[in-house]
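Participant: Here is how the chains run, residue by residue.
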Amino acid sequence: MTDVVATNQTILVVGGGISGMTAAIESAECGKDVILVERNPSLGGRVSQLYRYFPKLCKPSCGQEINQRRIMAHPRVRVLTMTEVDKIEGEAGNYSVTLKTAPRYVNEKCTACGDCAEAISAEVDDPHNFNMKKHKAAYLPTNMAAPQRYVLDPSIIGTEDAEKARAACKYDAIDLDMQEESLSLNVGAVIWATGFKPYDAAKIQPYGYDRFDNVVTNMEFERMMDPFGPTGGKLLRPSDGKEAKKIAFIQCAGSRDRNHLKHCSRFCCMASLKQTTYLTEAYGDDDDASATIYYIDIRAIDRFEDFYQKVKDDKKVSFIKSKVANITQDRESKNPILHGVNTEGYHRYDDEYDLVVLAVGMDPEVKADEIGCKVAANTSGFIDAHADDAGCGIFGAGCATDALDVNRAVQNSTAASLKAIQVINKTAGAEA
Amino acid sequence: MADEKKIGAYICTGCGIGDRLDAKQLEMTAQRDGKAQVVKTHEFLCSADGVKTIQDDIDNDGVNRVVICACSRRAKTDAFAFDGVTLSRANLREGVIWVRPDSDEAQETTQEMADDYVRMACAEAKYLDVPEPNENHGNNLRILVVGGGITGMTAALESARAGYDVLLVEKGPELGGWMRKLHKRIPDRAPFDEPMDTGIDDLVAAIEASDKITVALNSRIARTSGAPGQFSVDIATESGSTTTENVGAIIQATGFKLHDPAAFPEFGYGNADVITSAELEELASAADGGPIKRPSDGKEVKAVAFIQDVGQNSTEVGKLRYDSGAGDLVAIKQAMYFKHHNGDDCDTTIIYDNLRTPGTAGEDFYRSGQRKEVIFTKGAVSKVDAAGDTLKVSFHDKILDEDTEMEADLVVLDMGMIPVTGPDPYATLEIDTDDDEAEVVEEEEKEDGVEAENPVEVSVESILNLDYRQGTDLPQLKFGFLDSHFICFPYETRRTGIYAAGPVRRPMDIGQAIDDATGAALKAIQAAENAQVGRAAHPRSGDLSFPTFRKEGCTQCKRCTVECPFGAIDEDEEGYPQYNEGRCRRCGTCMGACPVRVISFKNYSVETIGQQLKAVDIPDEFDEKPRLMVLACENDAYPALDMAAMNRIEYSAFVRVIPVRCLGSVNTIWITDALNSGYDGIILMGCKKGDDYQCHFVKGSEIAHMRMSKIDDTLNQLNLEKERVATYEVEITDIERAPKLINDMAATIEEIGMSPFKF
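Those protein sequence lines, which keep their order, are chains A and B. Numbering of the first sequence is given in this note's numbering, commencing with residue 1 and proceeding in unit increments. Numbering of the second sequence is given in this note's numbering, commencing with residue 433 and proceeding in unit increments.
A couple of the hints might just be wrong.
[What the hints assert, rightly or not] Which bits of chain A does chain B cover? Going by a derived footprint, with three or more residues having C-beta under 8 Å, they are: (1) 24 to 31; (2) 64 to 70; (3) 179 to 193; (4) 255 to 268; (5) 286 to 300.
[Stated by the list, open to error] Distance ranges between label pairs, derived from CB positions: (6) B:Glu1182 to A:Glu243: 28 to 36 Å; (7) B:Lys1046 to A:Glu123: 47 to 55 Å; (8) A:Thr159 to B:Asp1055: 37 to 45 Å; (9) A:Thr98 to B:Gly631: 31 to 39 Å.
Everything labelled a hint here was simulated from the structure, so no lab data went into it. We put the CB at the ideal spot given by N, CA and C, even for glycine.
Model the full structure from these sequences, guided by the hints.
Facilitator: Written out as structure tokens, the structure reads:
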């Protein structure tokens, strides 16, 4: 990695999800040098785990293809995967950054031919599928992986499988001696786009995510729809592999809740409305298929209201204004049973379902006050972009700054790109 | 005289290609059929050594048409990147060996497949040229911002802070827009608990102090012509003078107007004490720190009701199908005005259906309102009446599920936002024509099968007055907003170099408008910078090619000028197309439209594709080896087939897949030629069309479907079955379906038999 060149004219983008990819390529296409670091072995981030986007119901990998092609072809963007920021010091126009790159055990000679995976038998959990599925310990992260290069799971290093993988590679691409590397750079501005992680559903004790098989998260539900996901694109419930047809969605699972996330995560209402359309996709007009949404407020903001109206017109879908009190499980059928009160008229309910989807919210992947360099955190740990610290050259982008939907995250990242360019141009002007 | 073309074909035997295919045979094919002057085989072509072999031939042997016979064009792009030469890729890995079984009986057809891909890549190479930047590009990097509200001011300041000159045009006598009328704004920083000052005076002062920003007040855009990097704009002032300015890119930040509260008489607007939330801002400012008084008699307000989403979120005629997005936060802010100025005991009730206070800021501010004892009532208001000295608000309480009423001194209506735009160039619906000034815009001609602009009566004044063949203003999306259609690309625009920002793009609050303005400024700067070097804008960013046409052959049919999804092509007095290269997005829709095939790009033309399909070896009818052609969108269908290969999903060995920039670029001559030369089946794979279209060139897929609907005539003339040509919408995730479509076509051909046109 000695060939990574950076100066105080370089923008460092931290995070290779849609926000980071956007910030990186938009900056590069303005003529700026960019280093894009991503912790995972592939670009893509959270959106690559989604099956469809609301409200168009289009596929995230379509935009991902365009972004990755732009990034990979652009001479001004340098992508470093499996890389994290270890330390960051300095001020706008002059940051010293230490990056840490985990060993991939596969070098740039890899042709993605797949012989290494073929040669070994060890399997490991696949985090892309929230560990609902396993994959070979030598693997290509996803069909859309960029860079298109295999990875060896560290757990097999030192085992016979690692040797088998190495021996199977005709191109000398497997390097079992790879070590963690550290790299120090000088950059002018930083765009922090580390995104979100789904709130840990197990913390919502009354909903029994950790106890009941048939209680899943909204992100896991997305993976179930993917033909290459854990259930082969079918809505099969975890307990017995039967098709889940009667499905409940619990909104604000963790969000708008003093005990969990204080904030509203913004995207989850639309995500659940979108997910009700998956039932139609899976079951057509089957009368047994139904979706019930338990909600506090349906936040279909501005022109998304149109989508909400469409879902309301779907006779499969019903709405109950209620914060669900708790979930129990029928011992025999393993069906989850929701208990609570419908606040529109105060009716008690004990409703049984095949599957419950918790609309869990967004937690910042990295808490803003852990970034350093005076980056300010807001009350939920996101980056407070408007805190009084005008001299700072570290700009939040996307869900690192707030719970945002994809469209707004990209909007925000495009803005962050200009903020970073302002710092770079100012530094260049001062030196000219 | 152009340099002599020298084809170098490089065959990789790595990744199992050498095990599965006869490389010697491929070499011979490249030499004999492909007319490659240099043919080399390498066991690991993407290695440093393999790449060096190619680079050496380029440097020392004059190879300038490089043909890589290895993996997909999507793989190893970093290794196979050579300057100053053209690149063709024969997809032997994902396109052949990974989709075919490794068996003896499959061997012959698999090898034929590979040989054909080598022939096709060489044929393409022969007709490719290295694009050179267009010489007719502008160098202007100045940004024009139209609209002097918070969005426009932010766009101007942020552009200036990045070092760019700005011209800010405002139709009114002062800067500030709606922001100037506000008493306070919703907080934008932690702890998000109190309304904050708007800071408008500081903002205006910063603009006035900037030596990079020129402000034109009382001014409008009388005419806009040109392209990114070289727009020419006439600025007309109220006094009648006009000046011409040159700019590189444009941001339209013309904001919104409020929906008319008088249109909803049930809410009692007309009664002096029923006001809009905008009017309350003025009332709050007028109170000057003292208690807010009601307009009718100056009595201090002790009870106020906020009615949310008036005339919004409804499909009823005259109502908006969306909401303003910010109305509930505004109501909370305004309720706090009363708590601050009229005392804690002033009753403030917000009647809402779904309260929308998203994000961290929204929810914190909502909680702050709750702490201040603002009352939130889920209900639907049916009526507001005068009741003696006060107002009576009748509503259905949705929690108690009963009809009830409350009294208030003042009622505040949350009205929706309507974007301030010019006429939609593609409007097909008749809109309000009561206005005397309505002008009728007639489309002179309607092309067959093209969704041409219908005659539309327009009562809206143009904002940009674009001197474009396809209308005066930015195309609209839903509900009149100038939004992008793409979730991943909110700044996608159908008029290159012109970006909408703020509530004209989508309903939004101040915080989002500031973000949006900053993002739009980035895109405007980028468009101007790209224009300066002749590079294409998104999604073919960086592409240096541009369309040219052979005037002698042109019949002035205007199909290209009508069908261009980006309004890039104008017409001269004689009706010949006038290309504005800076506005072009390189999709090739014009090339697909041209009936006489005079439009081409240096690196993409009727020949680069047409010669590929002609290069395929068509076996004799009695060989029982049909040939199928797939024209696949390079962004979605082609990657889907690639990913099918990565998962070893097999498909017919009789198919030959050609990636195209967009189905819109598919010229029907390719179909006709293919049918005439003996292809048995043809499949077009493009993106989703219709309202929720996914085509990144907007209309490409739609247009292709229309063009293909008329291919039946051709089939009839040739006496061929119509099943031989099929057009599909294919998503990038159709990893299993795309191969199935191919196999289905193969099965169909088996059923209906071979084409008789094999010579």
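Participant: Please name the hints from earlier in the document that this structure breaks, with their numbers sorted from lowest to highest.
Facilitator: 3 and 8
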